[in-house]
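Residue numbers (our numbering), protein chains in the order written: chain A, 1 to 373; chain B, 1 to 373.
Hints were generated in silico from the structure; no laboratory data involved. Owing to the predicted nature of the structure, the values given are computational and were not obtained by experimental measurement. Be aware that one or more of the hints could be misleading.
Under 7 angstroms between C-beta atoms, here's a sample of chain B residues computed to sit facing chain A [said to hold, decoys possible]:
hint, residue
1, Asn46
2, Tyr50
3, Val104
4, Asp105
5, Pro143
6, Asp176
7, Gln177
8, Ile241
9, Val314
10, Leu316
11, Lys339
12, Gly341
13, Val345
14, Ser346
The C-beta atom is built at its ideal place from N, Cα and C for all residues, glycine as well.
Number of protein chains: 2
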Amino acid sequence: MKQLQLFLLIGAIISSFSIANAQQTIKEDFKPSTLNQPGQEYPQVNSQGYARFRVIAPAADSVKVSLGLGGRGGTLLAKTQDGSWMGTTEGPMDEGFHYYHLTVDGGIFNDPGALNFYGSTRWESGIEIPAHDQDFYALKDVPHGNVQKILFPSKVTNTSAVAYVYTPPGYAKDQDQSKRYPVLYLQHGWGEDETAWSNQGHANLIMDNLIAEGKTEPFLIVMTYGMTNEIKFGGLKDFDITPFQTKLVDELIPYVDSHFRTIADREHRAMAGLSMGGMETKMVTLNKPETFSHYALLSGGIYAPNDLKGQSDVKLVFLSCGSKEGPERIKSAADALEKSGVNVVSYISEGTAHEFQTWRRSLHELAPLLFKN
Amino acid sequence: MKQLQLFLLIGAIISSFSIANAQQTIKEDFKPSTLNQPGQEYPQVNSQGYARFRVIAPAADSVKVSLGLGGRGGTLLAKTQDGSWMGTTEGPMDEGFHYYHLTVDGGIFNDPGALNFYGSTRWESGIEIPAHDQDFYALKDVPHGNVQKILFPSKVTNTSAVAYVYTPPGYAKDQDQSKRYPVLYLQHGWGEDETAWSNQGHANLIMDNLIAEGKTEPFLIVMTYGMTNEIKFGGLKDFDITPFQTKLVDELIPYVDSHFRTIADREHRAMAGLSMGGMETKMVTLNKPETFSHYALLSGGIYAPNDLKGQSDVKLVFLSCGSKEGPERIKSAADALEKSGVNVVSYISEGTAHEFQTWRRSLHELAPLLFKN
Numbered sequence: 001m002k003q004l005q006l007f008l009l010i011g012a013i014i015s016s017f018s019i020a021n022a023q024q025t026i027k028e029d030f031k032p033s034t035l036n037q038p039g040q041e042y043p044q045v046n047s048q049g050y051a052r053f054r055v056i057a058p059a060a061d062s063v064k065v066s067l068g069l070g071g072r073g074g075t076l077l078a079k080t081q082d083g084s085w086m087g088t089t090e091g092p093m094d095e096g097f098h099y100y101h102l103t104v105d106g107g108i109f110n111d112p113g114a115l116n117f118y119g120s121t122r123w124e125s126g127i128e129i130p131a132h133d134q135d136f137y138a139l140k141d142v143p144h145g146n147v148q149k150i151l152f153p154s155k156v157t158n159t160s161a162v163a164y165v166y167t168p169p170g171y172a173k174d175q176d177q178s179k180r181y182p183v184l185y186l187q188h189g190w191g192e193d194e195t196a197w198s199n200q201g202h203a204n205l206i207m208d209n210l211i212a213e214g215k216t217e218p219f220l221i222v223m224t225y226g227m228t229n230e231i232k233f234g235g236l237k238d239f240d241i242t243p244f245q246t247k248l249v250d251e252l253i254p255y256v257d258s259h260f261r262t263i264a265d266r267e268h269r270a271m272a273g274l275s276m277g278g279m280e281t282k283m284v285t286l287n288k289p290e291t292f293s294h295y296a297l298l299s300g301g302i303y304a305p306n307d308l309k310g311q312s313d314v315k316l317v318f319l320s321c322g323s324k325e326g327p328e329r330i331k332s333a334a335d336a337l338e339k340s341g342v343n344v345v346s347y348i349s350e351g352t353a354h355e356f357q358t359w360r361r362s363l364h365e366l367a368p369l370l371f372k373n
Numbered sequence: 001m002k003q004l005q006l007f008l009l010i011g012a013i014i015s016s017f018s019i020a021n022a023q024q025t026i027k028e029d030f031k032p033s034t035l036n037q038p039g040q041e042y043p044q045v046n047s048q049g050y051a052r053f054r055v056i057a058p059a060a061d062s063v064k065v066s067l068g069l070g071g072r073g074g075t076l077l078a079k080t081q082d083g084s085w086m087g088t089t090e091g092p093m094d095e096g097f098h099y100y101h102l103t104v105d106g107g108i109f110n111d112p113g114a115l116n117f118y119g120s121t122r123w124e125s126g127i128e129i130p131a132h133d134q135d136f137y138a139l140k141d142v143p144h145g146n147v148q149k150i151l152f153p154s155k156v157t158n159t160s161a162v163a164y165v166y167t168p169p170g171y172a173k174d175q176d177q178s179k180r181y182p183v184l185y186l187q188h189g190w191g192e193d194e195t196a197w198s199n200q201g202h203a204n205l206i207m208d209n210l211i212a213e214g215k216t217e218p219f220l221i222v223m224t225y226g227m228t229n230e231i232k233f234g235g236l237k238d239f240d241i242t243p244f245q246t247k248l249v250d251e252l253i254p255y256v257d258s259h260f261r262t263i264a265d266r267e268h269r270a271m272a273g274l275s276m277g278g279m280e281t282k283m284v285t286l287n288k289p290e291t292f293s294h295y296a297l298l299s300g301g302i303y304a305p306n307d308l309k310g311q312s313d314v315k316l317v318f319l320s321c322g323s324k325e326g327p328e329r330i331k332s333a334a335d336a337l338e339k340s341g342v343n344v345v346s347y348i349s350e351g352t353a354h355e356f357q358t359w360r361r362s363l364h365e366l367a368p369l370l371f372k373n
């Protein structure tokens with residue numbers, strides 16, 4: 001499983017890397033991050049992408065923030081006259097969402113000012129650096145779909161397993177309650193869970209906005225937990241796709257097809273995943289070509305032409321990553337697939353790394369391409 | 001608004017009060033709380049209801065847990081030989097769910113071991129003390145309903161407002177897609193939000209289990225944010241129900257009735273709320289008798305016979321609280337209402353205070369009484 005180890009390495013090394021210009025003047029136009037808890041003034045972000053933190057811990061000896069420029073160990077806060085700890089990142093952060101946490105006197109805690117998001121196998125603090133293209137995932141005055149938490153019987157996990165289902169605007173109130181929809185099965189990355197794509201990914205708002213603009217056909221998105229095996233950093237030699245594949249293909253898909261108005265055939269079923277979810281997508285789609293017809297790997301590896309031999313009826317292969325993730329591999333893989341006759345689209349997210357801004361943009365590019373033929 | 005101030009006072013004083021027997025021997029059968037983050041060993045609870053905490057903060061000078069016996073200021077942790085901080089509550093805690101937080105060197109943080117729940121206007125750590133009757137809100141192998149997050153247009157809040165909608169098992173896959181359902185509008189308490197009833201309240205599991213046992217008619221539950229005014233502790237003199245009432249009655253109800261298969265009339269619409277949500281329920285139901293026919297106040301005050309004069313067609317009044325909240329007022333109010341000819345049911349939750357175990361049990365008692373006539 002070299003491939004997954006590579007994703008984790010990329011995630012660890014490149015994640016928060018940013019080409020800093022530490023000499024630039026910091027603009028004092030800081031505002032609370034949009035992901036703060038209600039009424040909380042800190043953390044803050046400015047128009048250049050700097051993040052500023054303030055933590056109350058009057059008797060502490062040391063407060064550090066894990067977020068900062070790559071390889072420099074985060075941002076050390078300094079005690080101020082009022083007893084709070086404050087500090088600003090050395091340079092601007094990449095646009096979009098970042099996970100982080102505090103280290104207070106050697107203990108790891110979340111920032112009481114920020115909302116939490118599930119990543120690195122725990123709920124972590126999150127901060128949002130305003131992006132030049134944030135409009136596509138903004139909450140707007142358009143018709144909204146719903147995100148439903150469902151519990152489905154799962155023998156593999158020996159319990160009721162959880163999934164989230166996005167149903168597009170109109171699904172609930174369709175006058176024509178016989179209207180049926182295609183489905184995208186969409187997987188999170190290592191350490192995340194089934195909440196990631198709607199919480200930090202804004203998958204529902206991306207879809208609501210695309211549908212309002214008439215840019216995509218409405219479809220359902222189903223998101224479930226992909227770490228059915230216990231997958232630990234560096235311990236992936238024994239990774240076995242079987243438990244997750246069984247849960248997805250034999251348990252979840254039949255449940256969704258019997259509880260939602262889906263078009264329950266291969267032609268109207270897509271699978272996509274980010275990072276480790278891309279690895280799972282590749283394995284499941286190659287093992288179960290009769291189940292899916294559209295495949296998408298977001299910072300999640302590639303298909304080689306050989307992988308798809310004999311799969312003449314793959315409708316779409318989508319490959320993407322951030323420009324800071326070594327995009328050449330994606331481009332050359334797309335070239336090779338195109339030459340072998342595959343309907344392939346590749347996308348590089350400019351200025352982003354192995355983080356959610358890359359994947360928000362990738363979903364925004366992918367959705368209009370799905371279920372068109 | 002003396003009434004609301006009373007609720008807040010009750011919440012602050014009685015919340016975690018427990019009659020302790022500090023002399024009893026502590027059984028060493030501690031297990032991780034069911035509300036821990038994945039893989040976390042602490043906090044733990046034992047079969048007597050003691051809670052034990054362990055926090056890593058090697059360089060800290062002081063770590064305290066807000067949870068503990070009433071009036072004693074929580075539980076002070078002590079540094080152990082391995083550098084972690086540990087401690088056990090002085091006595092057993094009340095059964096059910098409790099909010100808490102840590103104070104580390106004077107700073108307030110959540111416990112990294114526990115999941116977070118929205119209470120006291122922030123996401124707080126939560127712990128679950130096993131209850132003798134926990135079966136009624138357990139996750140079982142029965143058909144499950146869904147909990148949907150919806151966004152509805154709200155001029156009052158000047159944005160898309162959020163609500164959660166529980167749809168019972170069968171709602172989605174009903175062969176007869178013309179089947180329509182009654183609706184309970186269910187409000188949280190002060191400092192909580194629209195996530196409280198499904199996260200810490202387990203409203204969905206309570207309903208799934210009751211429906212599986214044939215003990216209640218299936219109905220929808222709609223939960224939205226009730227602190228539309230900024231309501232601060234002690235600053236309630238200017239409380240005005242109008243913004244919340246407008247959002248609920250003029251915006252949310254029409255949205256739900258047009259986007260879900262409801263029976264959109266007064267006879268099939270109930271309102272209930274806990275604590276401050278009870279105060280809101282009382283005000284809205286008395287202002288809008290044409291909208292609701294079933295009223296329930298959970299640790300949320302009472303109706304006097306005079307309040308309901310002229311409302312001859314109230315189908316049900318339900319009043320409840322915990323036995324540690326001064327239940328005499330509930331009982332005497334129910335007696336007075338009964339004498340005046342109102343169909344009233346009262347319920348006292350044994351051994352619980354102004355906390356969610358009281359409200360889980362209250363919903364469990366209330367649901368079978370709704371929409372029967």
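Against the structure, the hints:
| no. | hint | in the structure |
| --- | --- | --- |
| 1 | Asn46 | 24 angstroms, violated |
| 2 | Tyr50 | 23 angstroms, violated |
| 3 | Val104 | 6 angstroms, holds |
| 4 | Asp105 | 4 angstroms, holds |
| 5 | Pro143 | 9 angstroms, violated |
| 6 | Asp176 | 11 angstroms, violated |
| 7 | Gln177 | 5 angstroms, holds |
| 8 | Ile241 | 21 angstroms, violated |
| 9 | Val314 | 31 angstroms, violated |
| 10 | Leu316 | 28 angstroms, violated |
| 11 | Lys339 | 44 angstroms, violated |
| 12 | Gly341 | 40 angstroms, violated |
| 13 | Val345 | 30 angstroms, violated |
| 14 | Ser346 | 33 angstroms, violated |
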